[in-house]
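Peer 1: Sequence:
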Amino acid sequence: MLPLHLLIPVDWRTGLTNFRTSTTPNIPDQEAKELWPEWKFSSAKKLPLFPIPDLLNDENFEEWRFMAHTNLHALSLEGFIEGTGTRPQGGDSRIARLNRKSFAERRQCAFRIIYDSITPILQQLNSKGHWTLDANNRDPKVLWDAVQRWDADRSIAYKCRLMEELANICHCQHNSDIIAYRDRAFWIRTRLERMGTPIAGQIYMGFLVKGLRTYYSIWADYLYEEIESGRLSPSQLEIDIGSQDPFLQATQRAPRK
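Just so you know, we're using my numbering here: the sequence shown kicks off at 1 and counts up by one.
These aren't lab readings, by the way, just hints derived from the structure by calculation. Do not rely on the hints blindly, as some may be mistaken.
In the DSS-like style, the derived pairs of lysine-lysine whose C-alpha atoms are separated by at most 30 Å in a straight line are [said to hold, decoys possible]:
1) Lys159 with Lys101
2) Lys159 with Lys128
3) Lys141 with Lys159
4) Lys128 with Lys141
5) Lys210 with Lys159
Have a look at the derived ranges for each label pair, beta carbon to beta carbon [stated by the list, open to error]:
6) Lys101 with Gln173: 50 to 58 Å
7) Ile239 with Ile95: 48 to 56 Å
8) Ala157 with Glu228: 29 to 37 Å
9) Phe103 with Ile239: 36 to 44 Å
10) Ser176 with Asn137: 47 to 55 Å
11) Gly90 with Lys159: 45 to 53 Å
12) Gln236 with Asp92: 52 to 60 Å
Virtual Cβ for every residue (Gly too), placed ideally from N, Cα, C.
I would like the entire structure built from these sequences, with the hints used as guidance.
Peer 2: Written as structure tokens, this is what we have:
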């Protein structure tokens, strides 16, 4: 399990002012209101609990995915995208009807949390055949899965570009801000893994440490030794870099076992 501070996007850690909820005016939203007359009365209009950035492209997909899933989880709606949310059964009793109504409203809330934050890419979803706006298609899981397919639908050239960037990543590319440096490397590795091209942990750590050599060569040599001895994992290395833990402090810690 990755450390929470690595799962939370940089903009979230530095303050909510960099976030905005989905406010992009668009034709698909008008079409949705025409297809679904009750759309404007949905209780989901009061959501999300936390700001979700508009999904614009691959660069902010991880940020969008994290915040969308955070909202769904906070509202106990994640079952609708995981396929575990099932419609209540029962007869025609008042309780049974209320349960079905509640289920339908919660399902629509889950759908709208996703839909309202992906309006900039709706045309792409349609043009690539991943999802089409339809009066009878308001399944949150179908929409969520379509967005995941859209994101994974990247060319070999795109994957190679990311691999090349990771292999040559250096702190100097980020004005020696090693937090930004670490986060970019983590983002690249996450992107490649999500697209079915995982980078082995030891190779990933090697790239990370190589990019630190001109930042603090003694620290980098120490980290290389830790990697080769098997005492350092990718997540621990990310934590060490995030704490800007130089060699002097590292040697004062108890040895890893």
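Peer 1: State for each hint whether it applies.
Peer 2: Cross-check of the supplied hints:
Under the criterion of a C-alpha separation no larger than 30 Å, the hint pairing Lys159 with Lys101 is inconsistent with the structure, at around 45 Å. For a cut-off of 30 Å, the pair hint linking Lys159 to Lys128 stands: about 19 Å separates their Cα positions. In summary, the hint linking Lys141 to Lys159 is supported, as the alpha carbons are separated by about 26 Å, within the 30 Å threshold. For the given pair, Lys128 sits about 18 Å from Lys141 by alpha-carbon distance, which is consistent with the 30 Å threshold.
A threshold of 30 Å between alpha carbons decides the hint, and for Lys210 with Lys159 the separation of about 21 Å falls inside it, so the pair holds. Restraint check, Lys101 to Gln173: a C-beta distance of roughly 54 Å satisfies the suggested window 50 to 58 Å. Roughly 50 Å separates the CB atoms of Ile239 and Ile95, a value that falls within the hinted 48 to 56 Å. Between Ala157 and Glu228 the beta carbon distance is about 33 Å. The supplied range of 29 to 37 Å therefore holds.
Distance hint check for Phe103 and Ile239: the Cβ-Cβ separation is about 41 Å, which falls inside the suggested range of 36 to 44 Å. The hint said 47 to 55 Å for the Cβ distance between Ser176 and Asn137, and at roughly 49 Å that hint holds. A hinted range of 45 to 53 Å for the beta carbons of Gly90 and Lys159 is consistent with their spacing of about 49 Å. Distance hint for Gln236 and Asp92: a CB-CB separation of about 58 Å, consistent with the stated range 52 to 60 Å.
In summary, the one numbered hint that this structure violates is 1.
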